[in-house]
Amino acid sequence: MSKTIIEAKDLTRHYTVKKGFLQKKGIVKALESVCFKLQAGKTLAVVGESGCGKSTLARMVAMIEAPTRGSLEIDGQIASKPTSQGQRFLPAIENRKSVQIVFQNPYASLNPRHKTGTILEEPLLLNTKMQHAQRRKLAEKMMERVGLRPEHYDRYPHMFSGGQRQRIAIARAMILNPRVLVLDEPVSALDLSIQAQVLNILTDLQEERGLAYVFISHDLSVVKHLADDVMVMYLGKIVEAAPTKSLFEKPRHPYTAALLSATPTINPAARKKRITLTGELPSPLNPPKGCAFNPRCANASNICRTNAPPTEVAADRQLACFNPIV
Amino acid sequence: MKKLLDIKNLSIDFQTAGGLFRAVDQIDITCDSGEVLAIVGESGSGKSVAMLALMGLLPWNAKVSAELMQFDSKNMLAISKKERRKIIGKHIGMIFQEPMSSLNPCFTVGFQIVETLKLHLGLNRAQRRKKAIELLELVGIPAPETRLNAFPHQLSGGMCQRVMIAMVLASNPKLLIADEPTTALDVTIQAQILNLLLSLQKEKNMALILITHDMGVVAETADRVQVQYAGQKVEEQKVESLFQTPHHPYTLALLSSLPERADGRKLPSIAGLVPGQFDRPPACLFAPRCSFATSLCNKEVKKQSNLLGQALCNFPVTYTQQKNAGAKA
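Read top to bottom, the protein sequences are chains A and B.
1 is the number of the first residue of the first sequence in my numbering; add one for each residue after it.
327 is the number of the first residue of the second sequence in my numbering; add one for each residue after it.
Derived by calculation from the structure, the hints in this document are not laboratory data.
Don't take every hint at face value.
With a straight-line Cα cutoff of 30 Å, these simulated BS3-like cross-link-like pairs (lysine-lysine) come out [to be verified]:
id, chain 1, residue 1, chain 2, residue 2
1, A, K245, B, K530
2, A, K9, A, K137
3, A, K19, A, K3
4, A, K42, B, K530
5, A, K37, B, K592
6, B, K592, B, K625
7, B, K416, B, K592
8, A, K224, B, K457
9, B, K592, A, K3
10, A, K19, A, K37
11, A, K137, B, K592
12, A, K19, A, K81
13, A, K81, A, K29
14, A, K250, B, K592
15, A, K141, B, K564
16, A, K289, A, K137
17, B, K564, A, K224
18, B, K564, A, K97
Covered stretches of chain A (in silico footprint by chain B; criterion: 3 or more residues with CB under 8 Å from a CB of chain B, positions within the stretch not fixed) [claimed, not checked]:
id, region
19, 184-194
20, 218-224
21, 274-286
Beta carbons are placed, not taken as given, at the ideal position from N, Cα and C, and that holds for glycine.
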């Protein structure tokens, strides 16, 4: 068994929001008691609708934000812990270097005023004592690795297509040789034929360097292809987590089942009967009593409307539901 | 019989600083009542632009030329702006990708629906309000009376898209163009909206043109599919046969690069990029990325018969070829 790189225990993040002048402040529970482990060389996919806390989790793992409660351990060291009133907790530089992030929109995540070379060398400039020539050599090596040509070194981001920009973003994240890469919807802004190219780079890099990926996506076909484990989230909580194969074959939480059946498949012969969810994601400011999913759930019984289901761990599966699908 | 929409040889050029840019290159589009046509392609394949040309919504620097652009036996190329205004919005409705930004944030959704009704149907005030409530009910918005007074920012993306659909349906259009109607929405909401669109289309026997890049959506909704690449139509087939036996190498490559179809850990990807304004190949636009291409493909490109999906290719992929390739792999 390979080494556990990330261990999240009871990771929670609340935001306080002002509702208006002279009104009580509200609390948005963006992330509530999330626990998971991630091993080197493995991919953990996080799926869910917008507003379910996927991106908050990504920011937490990347140490952009500190949790309200719980802890995050990277390589056995505490990387992130609660601070008073959301102040940033500064983790050891070694930990920070070992987690890097690739964002969704490559048109917004690269500084338009910097050339590719500057973008790629900035992490080295900040984190290492390398000389200019060394930095350039490493940057060029990285560019070659992700399929960019050496003449691209002196170009600005606007001269590249979306796929090439995403390659730059991946190269930037990889240049410090991290152990964990957080991928926040890395291919959802890309065209189909480019998506496959970028996914291939990611699988290659993972095999080469034993990287662990936290892969956030709403495209289940990509998740099924890439991930080893899948975590399904709903309103800040994990509703189900299991190895990819068993989750796709036998979803047990009604929400997982609905999510899987709502995803269109490319086989026209298999136009299946969808479980169409009625209604929408409730407001996180005012979540429903009991299980957050109960107003949209077909299996909901009385207990679901009053009590929140506890998370049960059985075999390799985490499940939070009173009436799971058998 | 005449088709509801019949477009032949449509080309659209944009006057840009770098010269003329051909966004749409000799495209034919037909669609009949009660049919769902999907137009698929990557960004820059001219799928939206062709539809905007039909609606007359292109900016001044676009030059539209076509052999025929007929809707409901009217020549859309020759009619005046005033006459076109009577057709678009009334007989041709369009839904756009971003529901949040296609509604006016300054007015309530009720006002915006009523505005359409006033313009196209000429009902009186009370009738308009009643009809607006009916429409909101039709698209499945709970508590429609109170929702009429809501502003777009108070509604979620899915709800806004429902309001857009209600607006478009207000005048009972014969043709509905949906330009990536679900791209900005979550999968569960996407399923709701697609189901709604399809059931309304059946009920009212509308023609529906669905512009999308999501192959899954195409497979689950369309009757007929037309694949576009860099402004050209490269293939057209019934949906079942397209997914079974794509004839154009581009379609074949695109379908096999989908993670859903891959068996190994590595995806078969298409090398290279879509050609831009300055590096357009001389004949076949897909030739530089195509594994079947020969030197002939740089000189000319032939359009195949209906049997081969009208593939714009000198060496269309046939069923036996695919079977052989499958057997080898």
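Hints, verified against the model:
As the CA atoms of A/K245 and B/K530 are separated by approximately 42 Å, the hinted pair breaks the 30 Å bound. The suggested pairing of A/K9 with A/K137 is violated, with an alpha-carbon distance near 40 Å, which exceeds 30 Å. With a C-alpha separation of about 45 Å, the suggested pair A/K19 and A/K3 falls outside the 30 Å cut-off, and the hint is violated. For the hint linking A/K42 to B/K530, the alpha-carbon distance of about 50 Å lies beyond 30 Å, and the restraint is violated.
Simply put, A/K37 and B/K592 have alpha-carbon atoms about 26 Å apart, close enough for the 30 Å limit, and the pair holds. Distance check on the hinted pair: B/K592 and B/K625 sit about 34 Å apart at the alpha-carbon level, beyond 30 Å; violated. A distance of roughly 49 Å separates the Cα atoms of B/K416 and B/K592; the hinted pair therefore is violated under the 30 Å criterion. Taking the CA atoms of A/K224 and B/K457, the gap is near 45 Å; set against the 30 Å cutoff, the hint is violated.
Of the pairs offered as hints, the one joining B/K592 and A/K3 holds, with about 25 Å between alpha carbons and a cut-off of 30 Å not exceeded. Of the pairs offered as hints, the one joining A/K19 and A/K37 is violated, with about 36 Å between alpha carbons and a cut-off of 30 Å exceeded. For the hint pairing A/K137 with B/K592, the CA-to-CA distance comes to about 29 Å; that is within 30 Å, so the pair holds. Between A/K19 and A/K81, the direct Cα distance comes to roughly 28 Å. Compliance with the 30 Å bound is thereby established for this hinted pair.
Between A/K81 and A/K29 the CA atoms are separated by roughly 17 Å; this keeps the pair inside 30 Å, and the hint holds. As the CA atoms of A/K250 and B/K592 are separated by approximately 25 Å, the hinted pair is consistent with the 30 Å bound. The suggested pairing of A/K141 with B/K564 is violated, with an alpha-carbon distance near 47 Å, which exceeds 30 Å. A distance of roughly 57 Å separates the Cα atoms of A/K289 and A/K137; the hinted pair therefore is violated under the 30 Å criterion.
Distance check on the hinted pair: B/K564 and A/K224 sit about 28 Å apart at the alpha-carbon level, within 30 Å; holds. With a CA separation close to 52 Å, the supplied pair B/K564 and A/K97 exceeds the 30 Å bound. Here the region 184-194 of chain A counts 4 residues with a CB under 8 Å from a CB of chain B, which clears the bar of 3, and the coverage holds. For the region 218-224 of chain A, the stated coverage by chain B holds: 5 residues have a C-beta nearer than 8 Å to a C-beta of that chain, and at least 3 were required.
Counting residues of the region 274-286 of chain A whose C-beta sits closer than 8 Å to any C-beta of chain B gives 6, which meets the bar of three, so the coverage hint holds.
The structure is inconsistent with the numbered hints 1, 2, 3, 4, 6, 7, 8, 10, 15, 16 and 18, although it conforms to all the rest.
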